[in-house]
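Asks: Here the protein sequences come in this chain order: B and L. Okay, so the first sequence: first residue is 62 according to the numbering used here, each after it adds one. Okay, so the second sequence: first residue is 4 according to the numbering used here, each after it adds one.
Everything labelled a hint here was simulated from the structure, so no lab data went into it. Note that the coordinates shown come from a computational prediction; the quantities given were computed from them, not determined experimentally. Glycine included, each C-beta is placed from N, C-alpha and C at the ideal position. There could be a bad hint or two in this list.
Stated by the list, open to error - Straight-line distance between alpha carbons at most 25 Å, and here's what the computed SDA-like set of lysine to any residue pairs gives: (1) B/K141 x L/R122; (2) B/K141 x L/V220; (3) B/K141 x L/R206; (4) B/K141 x L/A207; (5) B/K141 x B/D64.
As the list claims (entries may be wrong) - Label pairs and their computed distance ranges (CB to CB): (6) B/C96 x L/E233: 23 to 33 Å; (7) B/A94 x L/Y276: 49 to 59 Å; (8) B/G156 x L/S291: 48 to 58 Å.
Said to hold, decoys possible - One side of the interface only, derived from the structure: several residues of chain L facing chain B at Cβ under 10 Å: (9) A144; (10) P145; (11) S151; (12) A159; (13) A160; (14) L166; (15) D170; (16) T171; (17) K236.
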Amino acid sequence: MSDNARPLPTVSPDNRPFWEACARGILLLPHCARCDDAFWPPSPVCPHCLEGPPDWREASGRGIVSTFVVVHQPWFPAFKDALPYNVAQIQLDEGPRLTAAVVGASNNTLSIGLEVVAIFEERGDGVYLPMFRPRGTQRD
Amino acid sequence: MPLNLTDQAAIVGIGASQFGRALPESKLELAAHALKQALNDAGLTPGDVDGLAINLGWPLGLDYDRIAESFGLDIRYVVQTWTHGRFITMCLQSAAMAVATGLADVVACVTACSFSQNRGLLGGPHDVEGYREDGGTHAEAPQYGLTSPASGAALAAQRYFHLYGADTDALANVCIAVREHALRNPQAIMQTPLSLDDHRNARAIVEPLKLFDCCLVNDGAVVVLLTSAERAKDLDAAPVYLSGMQGMRAGRDEFIFAPPGLGVNQQQPGRGYARAADQAAYEMAGISRDDIDGLYTYDAFSPLVLFVLERFGFCGPGDAPGFIADGAIGPGGSLPVNTSGGLLSEAHISGWNSIAEIVRQLRGQAGPRQLPAPAHLQWATAWGDSIIFRS
Chain B
62 MSDNARPLPT VSPDNRPFWE ACARGILLLP HCARCDDAFW PPSPVCPHCL
112 EGPPDWREAS GRGIVSTFVV VHQPWFPAFK DALPYNVAQI QLDEGPRLTA
162 AVVGASNNTL SIGLEVVAIF EERGDGVYLP MFRPRGTQRD
Chain L
4 MPLNLTDQAA IVGIGASQFG RALPESKLEL AAHALKQALN DAGLTPGDVD
54 GLAINLGWPL GLDYDRIAES FGLDIRYVVQ TWTHGRFITM CLQSAAMAVA
104 TGLADVVACV TACSFSQNRG LLGGPHDVEG YREDGGTHAE APQYGLTSPA
154 SGAALAAQRY FHLYGADTDA LANVCIAVRE HALRNPQAIM QTPLSLDDHR
204 NARAIVEPLK LFDCCLVNDG AVVVLLTSAE RAKDLDAAPV YLSGMQGMRA
254 GRDEFIFAPP GLGVNQQQPG RGYARAADQA AYEMAGISRD DIDGLYTYDA
304 FSPLVLFVLE RFGFCGPGDA PGFIADGAIG PGGSLPVNTS GGLLSEAHIS
354 GWNSIAEIVR QLRGQAGPRQ LPAPAHLQWA TAWGDSIIFR S
């Protein structure tokens, strides 16, 4: 991979269903087939009861910003034109927290509790990343 | 009944190279200097060293095999962890177990770094740890431009601020207190005072962290020698005993740079006072937390100081900023933290500079920054491991 390209996610047998669904504009989460809980990160078995394989189900795509940062350091040449840019953890309504970015909001309006919904952004090579845009409301 | 390791192993020699930025010496040369000084300190020879415990191997440090062949050591016990500062406690614990059980007579913990030349590994396209499936160990997500351990500390700090109403001045007070210690240490890289305005005006690295919230990027080496309590009696230096210890925590409620309950990654939210599991080292040492005369921690990023104080119960959840603002962790405070200046202001030798400082303090050799007759000093990290030392 060139240093001048934005990195792509590392796809493995465990998370492939997630990334394949992103390319179709769908956010999937692994659920335990026995205890029903959604979990993250993807794993061949449920972290609570070791049941597997997981049952991949469509998520609501809704959640809140649970924490965020604003990157100023030019670590990646390929992100230099985006500086300063945000990266956030999103607590999905189903429970798991994903690390992603918030789009459609300026960095100084980001806040913990901001309600967001998933959209998908093409990154090349058929890879789509989930991003989150504000829904205009705030939760405690 | 498990084997009792209390006071069964001791540090008997310490050595350090010069600490600095862009030093001309190789890692091996820095390490050779520190090793010779540590052997001289202990009254030992290279032939006495038969164990190595390493937590910073290639590409950031020196691997055990290169150390052994370069310094002519005949080694029969080795532990080398994944190349991370976080495993410093595990190295010391493994060394203590090895000398207490006879797997080795003298274990050398050899750490040399040339971070000045390895900047490209500390964030960006060549920081390969971030590429682990579904995120690096500090929550790195390179596809979103999130990289470097600093980012994980920033994620945790932002959430902490939200929960407790603190802001970046809470971090500034950590940096200022640690800098005040460094000003009493001529070996420290940072030798000028740090003001609140300096911190407020510093450039942002990854908000909410600014320049001074991040450890030094530097070069240097430290060597620490351990042997059994029995053998230590016959050596030159006053032994510093490992009295109590507890290991690193891991699980779904753990994130390397956040105390349990903060709600980073998959941590269940809901913070409480320090858990019994985080008090085991005191029990093993036969003391209580109130007996600790100074705390030493892996201050790679300033929020980690808040988190370690709360994790071990020196402060309740959200109380660390007030504790620090009252002067508790600086020189003359009720709980001095990182009295040589830590990773923030002395040097980043993967934490080993603070271990050497613990030894100097307990021997009464800390010069102008000597604590008044410390009996117990604690090494503890935000991720839950700890060792309690006594002279």
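Asks: Taking only the CA atoms, is the gap from B/K141 to B/D64 under or equal to 25 Å?
Replies: holds (12 Å)
Asks: Identify whether the interface hint at L/P145 stands, where standing means a beta carbon of chain B within less than 10 Å of its own.
Replies: Status holds, d = 4 Å.
Asks: Would the hint on L/S151 stand, with a C-beta cut-off of 10 Å toward chain B?
Replies: holds (6 Å)
Asks: Sort out whether L/A207 lies within 25 Å of B/K141, counting only the CA atoms.
Replies: holds (15 Å)
Asks: Given L/K236 was flagged as interface, is its beta-carbon under 10 Å from a beta-carbon of chain B?
Replies: Nearest chain B Cβ about 49 Å off; hint violated.
Asks: Holds or violated: B/K141 and L/R122, Cα atoms, limit 25 Å.
Replies: Measuring from Cα to Cα gives roughly 17 Å; hence the hint holds.
Asks: Could you see if the CB distance from B/G156 to L/S291 stays within 48 to 58 Å?
Replies: violated (38 Å)
Asks: For the hint on L/A160, just tell me whether its beta-carbon gets within less than 10 Å of chain B.
Replies: holds (9 Å)
Asks: Once the shortest beta carbon distance from L/L166 to chain B is found, is it less than 10 Å?
Replies: holds (9 Å)
Asks: Does L/A159 pass the interface check with chain B, least Cβ-Cβ distance below 10 Å?
Replies: holds (7 Å)
Asks: Hint check: is the beta carbon of L/T171 less than 10 Å from a beta carbon of chain B?
Replies: This hint is violated: L/T171 lies away from chain B, its Cβ roughly 12 Å from the closest one there, beyond 10 Å.
Asks: Given the hint that B/K141 pairs with L/R206, does the C-alpha gap stay at or below 25 Å?
Replies: holds (16 Å)
Violation of the numbered hints given earlier is confined to hints 6, 7, 8, 15, 16 and 17; the remaining hints are satisfied by the structure.
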